[in-house]
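Colleague: Model the full assembly from the supplied sequences, consistent with the hints where possible.
The listed protein sequences derive, respectively, from chains A and B. Numbering-wise, this note's numbering puts 78 at position 78 of the first sequence, and it's gapless, one number per residue. The number in this note's numbering is simply the position in the second sequence, starting from 1, with 167 added.
Heads up, some of the hints might be wrong.
No farther apart than 25 Å at their CA atoms in a straight line, the calculated lysine-lysine pairs in the BS3-like style are these [stated by the list, open to error]:
1. 325(B) / 405(B)
2. 113(A) / 425(B)
3. 544(B) / 652(B)
4. 325(B) / 113(A)
5. 113(A) / 405(B)
6. 173(B) / 371(B)
7. 51(A) / 325(B)
Simulated restraints, written as ranges between beta carbons of each label pair [what the hints assert, rightly or not]:
8. 146(A) / 225(B): 30 to 36 Å
9. 285(B) / 116(A): 34 to 40 Å
10. 218(B) / 78(A): 53 to 59 Å
11. 361(B) / 75(A): 54 to 60 Å
12. 409(B) / 115(A): 18 to 24 Å
For the record, the hints were derived by calculation from the structure and aren't laboratory data. Just so you know, these numbers come straight off a predicted model, no measurement behind them. We put the CB at the ideal spot given by N, CA and C, even for glycine.
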Amino acid sequence: MPEIWRMMLQLPFYLAFALLLAYLSQQPVYQHLDPENALIKLSLSHAGQHKEECHRLTPEELAELAPNMRKPISCNRERLSLLVEIFLDDNLLYRASLQPAGLSRDGESTVYKRFPVTAGTHTITARLRDSHRPEGFDYERSEVVSLFPQQNFVVGFNVDTGGFHFL
Amino acid sequence: MRRALKSVFERIDRFFDIAFTPAWNPMQQLGALGWFFYWIVIVSGIYLYIFFDTGITQAYHSVEYLTHEQWYAGGIMRSLHRYASDALVVVVFLHLLREYVLDRFRGPRWFAWVSGMVLLWLLYVSGISGYWVVWDKLAQYVAIATTEWFDSLRIFGKPIARNFLNEASLSGRFFTLLIFIHIAAPLMLLFGMWLHIQRHMHPKVTPPRGLAAGCLVTLFILSLWFPALSQGPADLDKVPGIISLDWFYLFIYPLLDKYSGAIIWAAVAGGTLLLSLLPWLPARRQSEVAVVHLDNCNGCARCVADCPYSAITMVPRTDGLPFEQQAAVNPVLCLSCGICSGACPSASPFRRRTALIPGVELPAFPIQAVKDMVLSKTQDLAGNNRVLIFNCEHGLDLTSAPVKNIAQITLPCIGMLPPAMIDFTISRKYADGVFIAGCREHDCNYRLGNEWMQQRLARKRDPYLRERVPAERLAQCWAGVSGYKQGLSELSRFQEQLAGLAPTARQSPEERLRDGNKTECANA
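Modeller: Put into structure tokens, the structure is as follows:
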């Protein structure tokens, strides 16, 4: 077969290959989030209070310990789980008891969650309990926010700045 | 399933053979094309890196500068970088599927298969991290989805997705780490690719020039016609709603929105494990590996040069014979193709004084057995168009051909046939002609059997076919399993041609007995 004919025969293959690359490298487009929705992201990392309070050892208890281990105050490392609740317009969006990290359960409790919600004006309430209290919450924040479509709204937490923050 | 796929592949191959010629057939150059696209990615990547600003806020602008201000060089390089990466994925998956369908992944070939699985992961790490560093909306989506996916493993103290919570939480250091990954992963990929072909002698790492040029021109035109563009700067305060995905690399991401990260991890890890175990599900039933007969090995190293899988090496002589070296077979690497015995100069059926035992051969298929078959199978042939067919068990099979006066000897690989056997068959008049039928051209089941055989017959590779063998009494057909019609037609034509030649005297029973007896005497 003459070379020119062979090259003509090859053209459709190269063209098909190019079309495949051009199309699948961009199309079909993917809708990750409904354009009318916003996204609420809950992200917090916080250590609950110690499960048991520290107590001072008696002289007898201290005497039983090795000389280099004689610390007058004994503290159990284990921490409490956090109870976290998020409400959107009085509807419960998220509620969980978050275990502390670590083999001894002495680390921070962490959560990272995302919730697609309809854009518009909403009341967002975030609550957190990190203590022994049987009822109620140690930290709470409620705010009326106007979420625009595709907004990334972060519900964060920082104990140093007073607890929950909405960004 | 695999048989149906094999038939599909052969049909595609034939189609490509017509358009590209067997030598340029892209389906038989998938590995080499993979290397070629890899190098395009690397060269274009180096160019882009020269102008790329690794700062998280500057990265997007530097890529935009390359794309628009410097479209004639940087823009084309960016597009080549993307399209060559995508083309790499295409050829890699075709390569994987083809090797599976053609059953070229079990036995000693497990190493290339399993190392290929590692390469797949490295390829995806390289590609996905590349989309990340542009830091546009797609990068933002990929960054968040990837970190959330990794967080589902629960191996980090705090979720790493928190690095992309909003603009304020963005860390330049984390971004620098990603750029490091995008450089380190392709380098590891290169190392892996090198390892992948370590068990291959003469690996194909460069495609034929014409095919390479065609692919490069295609990618170049595609880059001009449909340049790779960014999708707007990343803005962590907004969620990218609709995005254009590169489905070659990012097909798994939409699944992460549908299923939990743990399920996707289980699927990809399980899939990789299953694919990696395929060579042993079930394991290849392999006949005994080649053995070296030191009495007949003079250490010429032709078997070493011809073994496609580096299974033979030369080692210092151990038997006191006056040669420096001897061949040694590594049973772990040997695929029992027999190409080594076809390369051995002592595999000559003309030998009279000693038994027909070459320096190296397959215990299950000794060269003496081939000679015996030549004697026995040609016994009933008559006339002046008697044809002895030597074929490969993975290639064209003419056993059921509706043609008279033919006999067929099937070998594990056509490369196992010593050229002296052809000379013997014709010069001793056991047949009027010899018909060589192997795998499809450039598609030898044992990689190099076809090529070596063709070179031996063309007297370009040791052991040469002797000059005295008349060209008109030898025919070659590289049609493969699916080329039955072609093979039949070529065989008929060959027989017609032989009938037109001066008749050769048929071996008398006494002469046959003499050839046979001498061997037996020698064996005894």
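Colleague: For each hint, tell me whether it holds in the structure or not.
Modeller: Hint check:
1. Distance check on the hinted pair: residue 325(B) and residue 405(B) sit about 23 Å apart at the alpha-carbon level, within 25 Å; holds.
2. Restraint check for residue 113(A) and residue 425(B): the C-alpha separation of about 15 Å stays at or below 25 Å, so the hint holds.
3. For the suggested pair residue 544(B) and residue 652(B), the alpha carbons sit about 24 Å apart, so the restraint of at most 25 Å is met.
4. Between residue 325(B) and residue 113(A), the direct Cα distance comes to roughly 13 Å. Compliance with the 25 Å bound is thereby established for this hinted pair.
5. As the CA atoms of residue 113(A) and residue 405(B) are separated by approximately 16 Å, the hinted pair is consistent with the 25 Å bound.
6. Proposed proximity of residue 173(B) and residue 371(B) is supported: the alpha carbons are some 22 Å apart, at most 25 Å.
7. Distance check on the hinted pair: residue 51(A) and residue 325(B) sit about 22 Å apart at the alpha-carbon level, within 25 Å; holds.
8. Distance hint for residue 146(A) and residue 225(B): a CB-CB separation of about 33 Å, consistent with the stated range 30 to 36 Å.
9. Between residue 285(B) and residue 116(A), the C-beta spacing of about 37 Å keeps the proposed range 34 to 40 Å intact.
10. Checking the proposed 53 to 59 Å range against residue 218(B) and residue 78(A) shows it holds: the Cβ atoms sit about 54 Å from each other.
11. Distance hint check for residue 361(B) and residue 75(A): the Cβ-Cβ separation is about 56 Å, which falls inside the suggested range of 54 to 60 Å.
12. Between residue 409(B) and residue 115(A) the Cβ separation comes to about 20 Å, which falls inside the hinted range of 18 to 24 Å.
Hint violations for this structure: none, all hints satisfied.
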